[in-house]
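> Got chain A sorted already, so can you dock chain B onto it with the hints?
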Amino acid sequence: MRRALLRLLFVVALPAVLLTVWWLASDGSTNVFWPPLRTILKTFPDVWTADRFRTDVLPSVLRLTAGYAAAAVAGIALGTVIGSYRRVRAVCEPVLEFLRAVPPPVLVPVIMLFAGIGDTMKIVVIASGCVWPILLNTVEGVRAVDPVMKETALSYGITGAARLRSLVLRSASPQIFTGLRQALSIGIILMVISEMFAGTDGLGYTVVQFQRSFAVPDMWTGILVLGMLGFLLSVVFQVVERRVLGWYHGLRAAGRRSP
Amino acid sequence: MHALLDVSGLKKVYEGSGRRVEAVRDLTFTVDAGELVCLVGPSGCGKTTLLKCMGGLLTPTAGEVLLGGRKVSGPPPGMAFVFQEYGRSLFPWMRVGENVELPLKQKDLSKARRRELVADALESVGLTDAAGAYPWQLSGGMQQRVAIARALAYEPEVLLMDEPFAAVDAQTRADLEDLVRGLWRERGITILFVTHDIDEAVYLGERVVVLSASPTVVQEQLKVDLPVERDQLHTRVAPRFAELRTHVYEQIQAAKRGTLPVQDRLTKTDTPPLH
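Chains as they are written, first to last, in this note's numbering: chain A, 1 to 259; chain B, 1001 to 1275.
Rather than coming from a laboratory, the hints here were simulated on the basis of the structure.
Just so it is clear, CB atoms sit at the ideal spot from N, CA and C, and this is done for glycine as well.
You can trust all of the hints, since none of them are fake.
Mimicking DSS-like on lysine-lysine, the simulated pairs with C-alpha atoms at most 27 Å apart in a straight line are:
{"#": "1", "chain 1": "B", "residue 1": "Lys1011", "chain 2": "B", "residue 2": "Lys1223"}
{"#": "2", "chain 1": "A", "residue 1": "Lys150", "chain 2": "B", "residue 2": "Lys1011"}
{"#": "3", "chain 1": "B", "residue 1": "Lys1011", "chain 2": "B", "residue 2": "Lys1256"}
{"#": "4", "chain 1": "A", "residue 1": "Lys150", "chain 2": "B", "residue 2": "Lys1071"}
{"#": "5", "chain 1": "B", "residue 1": "Lys1107", "chain 2": "A", "residue 2": "Lys150"}
{"#": "6", "chain 1": "B", "residue 1": "Lys1111", "chain 2": "A", "residue 2": "Lys150"}
{"#": "7", "chain 1": "B", "residue 1": "Lys1107", "chain 2": "B", "residue 2": "Lys1071"}
{"#": "8", "chain 1": "B", "residue 1": "Lys1071", "chain 2": "B", "residue 2": "Lys1011"}
{"#": "9", "chain 1": "B", "residue 1": "Lys1071", "chain 2": "B", "residue 2": "Lys1105"}
{"#": "10", "chain 1": "B", "residue 1": "Lys1223", "chain 2": "B", "residue 2": "Lys1256"}
{"#": "11", "chain 1": "B", "residue 1": "Lys1105", "chain 2": "A", "residue 2": "Lys150"}
According to the in silico footprint, chain B covers these stretches of chain A (three or more CB under 8 Å from chain B):
{"#": "12", "region": "144 to 155"}
{"#": "13", "region": "161 to 167"}
{"#": "14", "region": "243 to 256"}
Over 10 Å on every C-beta distance to chain A, these chain B residues come out as not near it, computed from the model:
{"#": "15", "residue": "Val1013"}
{"#": "16", "residue": "Arg1070"}
{"#": "17", "residue": "Glu1163"}
{"#": "18", "residue": "Arg1236"}
Bound conformation, chain A alone:
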């Protein structure tokens, strides 16, 4: 019990300090672009009503989910194929490195030309940015499957779908999760950017609207909501990761105890 409290204290301590510093530093601020935290927090419940969550937060989250899921499916599927065959890898790798190096926001105007300015465009933008870390990490993970495990599977007749399910994807899962984690932050960025470019709803659109109408405290609340959304998604991600990769963390801990 005491340890749990202590842990909670560690978790809460720094955010509390930072908020206090912000509160104090901004308290007497008369700068219209830099309103006191007190004002921002007072505005918060007025701006972020249940209705606004439904009209702006929900569409953003749905687009992010769709784009992220599409990227995950495509990235893991393609990555598994590329990682499994040396020849395919040799052909694809230079192209992949190039495509990855293109900053995803640059694609927004291009994708707008093809996909318009609706939800499709935003989902495509999110997916096209998220897919690279997932794809490349999957390739590495699939490639690094232990040869002894491969031989074990082969000698026991574990082939085809069973091999993929119980050996290749499981063995690559720590790497795949690294990619998924990187993709999550990219996804949030692209969600906001795509909505800032063109849109009629969503978090990015709302923040820009507030900024353009000089509703500065409202704009700041939007930024807080985005921060909290990112934090929440990261917590959810960690919970899932701990469940799926429990074996991996245990294995690493066991390896540290007896090298």
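Positioned in the frame of chain A, the structure of chain B alone reads:
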């Protein structure tokens, strides 16, 4: 009667990046059903290559391996492998029970039958309580027991063991050796056991096949005429044990020096020399 396992003229040459390595030159020997045969040879003599060719994991350059009269061209369902690297052969994301059960899922077995085989195999190796643990929660010796249980549950005609105890400590090793002998006697399975440890080969085997240094040929075959009932304490100090191990040791030394004439290497000595 046909031998269960028939290796004839086996040759394996690795070719790659301008280097040509002849790992196995010409191997011929047989293993009868229910035998426990140890293959022993100097380090790096291509023992693992040989075993992988037999298990269908590698394609031999020449010669063939017959299992029950049928040519081995891929991993046959009648063979189970126990690898030296137990830590890398068990799947760390599966619990012990799941690891043992996984190969059975490829066979056409009912769920109840699979459970029965898993429980029976784990009991045979003394790990009934560990079914729910992850492999990395177990000691090295216990992990290798899991690998043995997985092979047993598979119900193979032949069990191929590739230096399975090379990476465990001496006491665990003695226990595992007794476990293998016990399983062989209880279950009447055929075991081909590869090792570089001469004492282990003589202690375990009913027959010892001595391999030469690479490129490998059969240096000698030796029947181990120790009693079936063996134990670590008495068998290892028996005069006959000492004679046999001395003989195998001399053969291996000769193999390393390569002093024996070729025709001698190929003769099959079924009567072990008395000193």
